[in-house]
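J.: What follows is each chain in one-letter form.
6 protein chains.
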Amino acid sequence: MPKFSHLDARGEARMVDVSAKPVVMRQAVAQGEIRLAPATLQLIQADRVAKGNVLATARLAGILAAKKTGSLIPLCHPLPITHCEVRFEIPPSGDRIRIIASAKITAQTGVEMEALTAVAIAALTIYDMCKAVDHHMVVSDVKLISKTKKPFAPDGPPSPARRRPQPPSA
Amino acid sequence: MPKFSHLDARGEARMVDVSAKPVVMRQAVAQGEIRLAPATLQLIQADRVAKGNVLATARLAGILAAKKTGSLIPLCHPLPITHCEVRFEIPPSGDRIRIIASAKITAQTGVEMEALTAVAIAALTIYDMCKAVDHHMVVSDVKLISKTKKPFAPDGPPSPARRRPQPPSA
Amino acid sequence: MPKFSHLDARGEARMVDVSAKPVVMRQAVAQGEIRLAPATLQLIQADRVAKGNVLATARLAGILAAKKTGSLIPLCHPLPITHCEVRFEIPPSGDRIRIIASAKITAQTGVEMEALTAVAIAALTIYDMCKAVDHHMVVSDVKLISKTKKPFAPDGPPSPARRRPQPPSA
Amino acid sequence: MPKFSHLDARGEARMVDVSAKPVVMRQAVAQGEIRLAPATLQLIQADRVAKGNVLATARLAGILAAKKTGSLIPLCHPLPITHCEVRFEIPPSGDRIRIIASAKITAQTGVEMEALTAVAIAALTIYDMCKAVDHHMVVSDVKLISKTKKPFAPDGPPSPARRRPQPPSA
Amino acid sequence: MPKFSHLDARGEARMVDVSAKPVVMRQAVAQGEIRLAPATLQLIQADRVAKGNVLATARLAGILAAKKTGSLIPLCHPLPITHCEVRFEIPPSGDRIRIIASAKITAQTGVEMEALTAVAIAALTIYDMCKAVDHHMVVSDVKLISKTKKPFAPDGPPSPARRRPQPPSA
Amino acid sequence: MPKFSHLDARGEARMVDVSAKPVVMRQAVAQGEIRLAPATLQLIQADRVAKGNVLATARLAGILAAKKTGSLIPLCHPLPITHCEVRFEIPPSGDRIRIIASAKITAQTGVEMEALTAVAIAALTIYDMCKAVDHHMVVSDVKLISKTKKPFAPDGPPSPARRRPQPPSA
Numbered sequence: 001m002p003k004f005s006h007l008d009a010r011g012e013a014r015m016v017d018v019s020a021k022p023v024v025m026r027q028a029v030a031q032g033e034i035r036l037a038p039a040t041l042q043l044i045q046a047d048r049v050a051k052g053n054v055l056a057t058a059r060l061a062g063i064l065a066a067k068k069t070g071s072l073i074p075l076c077h078p079l080p081i082t083h084c085e086v087r088f089e090i091p092p093s094g095d096r097i098r099i100i101a102s103a104k105i106t107a108q109t110g111v112e113m114e115a116l117t118a119v120a121i122a123a124l125t126i127y128d129m130c131k132a133v134d135h136h137m138v139v140s141d142v143k144l145i146s147k148t149k150k151p152f153a154p155d156g157p158p159s160p161a162r163r164r165p166q167p168p169s170a
Numbered sequence: 001m002p003k004f005s006h007l008d009a010r011g012e013a014r015m016v017d018v019s020a021k022p023v024v025m026r027q028a029v030a031q032g033e034i035r036l037a038p039a040t041l042q043l044i045q046a047d048r049v050a051k052g053n054v055l056a057t058a059r060l061a062g063i064l065a066a067k068k069t070g071s072l073i074p075l076c077h078p079l080p081i082t083h084c085e086v087r088f089e090i091p092p093s094g095d096r097i098r099i100i101a102s103a104k105i106t107a108q109t110g111v112e113m114e115a116l117t118a119v120a121i122a123a124l125t126i127y128d129m130c131k132a133v134d135h136h137m138v139v140s141d142v143k144l145i146s147k148t149k150k151p152f153a154p155d156g157p158p159s160p161a162r163r164r165p166q167p168p169s170a
Numbered sequence: 001m002p003k004f005s006h007l008d009a010r011g012e013a014r015m016v017d018v019s020a021k022p023v024v025m026r027q028a029v030a031q032g033e034i035r036l037a038p039a040t041l042q043l044i045q046a047d048r049v050a051k052g053n054v055l056a057t058a059r060l061a062g063i064l065a066a067k068k069t070g071s072l073i074p075l076c077h078p079l080p081i082t083h084c085e086v087r088f089e090i091p092p093s094g095d096r097i098r099i100i101a102s103a104k105i106t107a108q109t110g111v112e113m114e115a116l117t118a119v120a121i122a123a124l125t126i127y128d129m130c131k132a133v134d135h136h137m138v139v140s141d142v143k144l145i146s147k148t149k150k151p152f153a154p155d156g157p158p159s160p161a162r163r164r165p166q167p168p169s170a
Numbered sequence: 001m002p003k004f005s006h007l008d009a010r011g012e013a014r015m016v017d018v019s020a021k022p023v024v025m026r027q028a029v030a031q032g033e034i035r036l037a038p039a040t041l042q043l044i045q046a047d048r049v050a051k052g053n054v055l056a057t058a059r060l061a062g063i064l065a066a067k068k069t070g071s072l073i074p075l076c077h078p079l080p081i082t083h084c085e086v087r088f089e090i091p092p093s094g095d096r097i098r099i100i101a102s103a104k105i106t107a108q109t110g111v112e113m114e115a116l117t118a119v120a121i122a123a124l125t126i127y128d129m130c131k132a133v134d135h136h137m138v139v140s141d142v143k144l145i146s147k148t149k150k151p152f153a154p155d156g157p158p159s160p161a162r163r164r165p166q167p168p169s170a
Numbered sequence: 001m002p003k004f005s006h007l008d009a010r011g012e013a014r015m016v017d018v019s020a021k022p023v024v025m026r027q028a029v030a031q032g033e034i035r036l037a038p039a040t041l042q043l044i045q046a047d048r049v050a051k052g053n054v055l056a057t058a059r060l061a062g063i064l065a066a067k068k069t070g071s072l073i074p075l076c077h078p079l080p081i082t083h084c085e086v087r088f089e090i091p092p093s094g095d096r097i098r099i100i101a102s103a104k105i106t107a108q109t110g111v112e113m114e115a116l117t118a119v120a121i122a123a124l125t126i127y128d129m130c131k132a133v134d135h136h137m138v139v140s141d142v143k144l145i146s147k148t149k150k151p152f153a154p155d156g157p158p159s160p161a162r163r164r165p166q167p168p169s170a
Numbered sequence: 001m002p003k004f005s006h007l008d009a010r011g012e013a014r015m016v017d018v019s020a021k022p023v024v025m026r027q028a029v030a031q032g033e034i035r036l037a038p039a040t041l042q043l044i045q046a047d048r049v050a051k052g053n054v055l056a057t058a059r060l061a062g063i064l065a066a067k068k069t070g071s072l073i074p075l076c077h078p079l080p081i082t083h084c085e086v087r088f089e090i091p092p093s094g095d096r097i098r099i100i101a102s103a104k105i106t107a108q109t110g111v112e113m114e115a116l117t118a119v120a121i122a123a124l125t126i127y128d129m130c131k132a133v134d135h136h137m138v139v140s141d142v143k144l145i146s147k148t149k150k151p152f153a154p155d156g157p158p159s160p161a162r163r164r165p166q167p168p169s170a
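Protein chains in written order, with our numbering: chain A, 1 to 170; chain B, 1 to 170; chain C, 1 to 170; chain D, 1 to 170; chain E, 1 to 170; chain F, 1 to 170.
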């Protein structure tokens, strides 16, 4: 039977202990969508061509929210993410905006909650900015798309401090 | 043609000016759902009977998030809400949890974003707590259910200061 | 049998609904103490005469924490407090610092948690600043001292808007 | 000799007690500028015409910061502002961007620190976004432009609760 | 004469510079207690058996507060903790709840303030949830229990990047 | 033509991806000034000799703000800084206070925005504390003074875990 990673032997909530996990580069991508009236979407797009403010605001809200994930989701680790981006796609149906967020970190635990939080708050920001003209928006299909990790191998020459352990023959 | 309330004459983002709006009691109710494997739901329910931690954690996360809405959604007003509650329903299908959040305030503007934020963060908290056992959860159908307002008429005897302007004949 | 104000009919956590409570002026005073080695206290006092930094830092930490109470204590209402002050007393025993904090608001609910939070965080700040020289400090006796309320009767001439309802004969 | 409003009888820091001040509508306007290389400004403007991101980001950062003023400036009151806007002007000299921020509230104390904080953080956001191409930017002349107050007289029909004290003959 | 680590040569407050300290695994355990009426404790326990909400809420509040320590205690370093747990004990006297919090990190400085902050905020949360039925609660004996550190030796196979410096003969 | 590091191919705002950058020790120093009436400065200095509260408050506000930079400047990385200090100089002209802030970190990206944010918020805190006696203060000349980096070479004996990869012959 599977075990809930956040519940201790007596079922009480706790943060998962990642103290002994290796530090690796991790990336997560999440997506979601906000369904809205075609007329609302046209307004956003008209504005977007001219000034892009609805989506620009939602993008920043999503990035800022990703950085706050550890204080929003009670048992998430606070993580100094190294990258976050939020982008939007408008499917041909013309009745929704798809939100795709990616987060990265070099740490002992992953960033899927950061990517999901960025999507959710970006979607709610679109909702907030359009709610005066559209009373029937729905945020849906918020889910994880991918989660990857790889060894941390920084670019460029290793620093002297890092080079020290290197054997002369290497 | 409808107007976007958050965009000024030149289309730049701004908070809506509510300075001259009357102070009234406002309530908003939002809901959403997280779809998960029936086995995951059974685990949550088994735990819930015993100690209720997954849903208890999600409930608190939603309430705390409602209080932070003004710092999460860029153009929302910061609002000292007077009430927030989050509850859960499990439809007979047994494959999802419905999250219903209500927020109230006595202020110059409404709290629909607070209720929606509570739903979204409560759903993501369930996701976070179950992601070790279920990799296919989806947050969906996050939407506003109702939004009401009524005059502010405090309970009980008016305070002396409030009573002072009352005409003797009233 | 007394009832817990934060638990609903099914025992689930929720904020108390204060939407219909009258707006009155409220004040709360709390206190607590940190016990430390007399030598530590002498160091603080010597510094305090000269520059007062340990207590100045603790005072500001307490005031800032009072303003964050709604985001620290899950079911507290977020409250725009109108006043907070933190002061210190050193009893003749010379082995502790007493911390007294007062908070005020004109609102629908009281500020005892704000005063208590100011005391606790001010005490922990003293702990943090002295922990390099004293490993046996203890924070104790954190409690509410008083809690009062009175009608909101602003100083000075009422504003025209407020004066309007006043009957000519009053 | 003038008195510092934030220092008590013994010179210790404290929040000013505004509990008994009347609730009035208050507005403050502040401005400041960031000086940058003409080439940097041209890049911003070229981008601005197309997508406006540098200034759109700075605008939102300023608005969000205004909402956080009470947690940034230790002795400021936490204030639920009712409006904030940030706009930009480019003087003919072509070597700087002027930032103008306005904040409003219906409260017992004013919002000049909110307006100033919006200006400062908007300026630093421009700095952050351009620092890869310009190493000599300077933020200057951040100051208050105006500060006004007027009675709170909400728009539209008073609510029944407000109307009640009104004498029939008024 | 001992030196205060947070005061510079002129006695001004500053963060301790830990930039050159080694990165090691650190753990701290703190405890404290809240004294309350036996009847209050019985209410909590009755509820706890059924749904556990008072202690569940306090536990989450403590964990969330540990993550915020760097923004609450002015001279603490902001630390991405890798673990935090909060547990409760009820001594046979039946008139208090003991709160024990543990925090861990792999970093250049320790987490004793995180553990102490978790204890203090968990205790205040119990206070907040019971204050409608008990007006004489006292938070006491908040202190550090242990503080340990050990080399960072991640579990499992070292990542390729980490393995690289390893000499072939090792 | 130079490129804006924060704008992606389509000019949309994003955080710079620093995931693959090496971890090095970084320091940044920024400065700025607040111009005020000589009489205001004399008041601050008189107080400062006695208790130092205006500058002590500004110093702590600056340090706390440095720790919040990632939540204030939208595209900044959240960074667990290892050191921050803020100091003040009063030039012979007697009409301004110069604020100098330094921040350090061992990370994949630098801390110039942290140092600049500390300066700006310390300056605004002086403004806030003196605004009752001086209505003509101006914050000016906020700029970066230096930015350096060097390899991370922790003090003292390497930990066993770190020593392991070291070749026996080294």
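Be aware that one or more of the hints could be misleading.
Since copy identity is lost for identical chains, a pair holds within one copy or between any two.
Claimed, not checked - With a straight-line cut-off of 30 Å between C-alpha atoms, the simulated DSS-like cross-links for lysine-lysine are:
no., residue 1, residue 2
1, Lys150, Lys21
2, Lys131, Lys21
3, Lys68, Lys143
4, Lys131, Lys150
It should be emphasised that the hints constitute simulated quantities derived from the structure, not laboratory data.
J.: For Lys131 and Lys21, with the copy left unspecified, which applies at a CA distance of at most 30 Å: within, between, both, or neither?
T.: Between. Shortest inter-copy distance 18 Å satisfies the 30 Å Cα cut-off; intra-copy 44 Å does not.
J.: Up to 30 Å between alpha-carbons, please classify Lys68 paired with Lys143: within, between, both or neither.
T.: both (19 Å within a copy, 23 Å between copies)
J.: When no copy is named, should Lys150 and Lys21 be tagged within, between, both, or neither for a Cα gap of at most 30 Å?
T.: both (13 Å within a copy, 14 Å between copies)
J.: Between Lys131 and Lys150, at a C-alpha cutoff of 30 Å, which is it: within one copy, between copies, both, or neither?
T.: between (42 Å within a copy, 20 Å between copies)
The earlier numbered hints are all upheld by this structure, with none contradicted.
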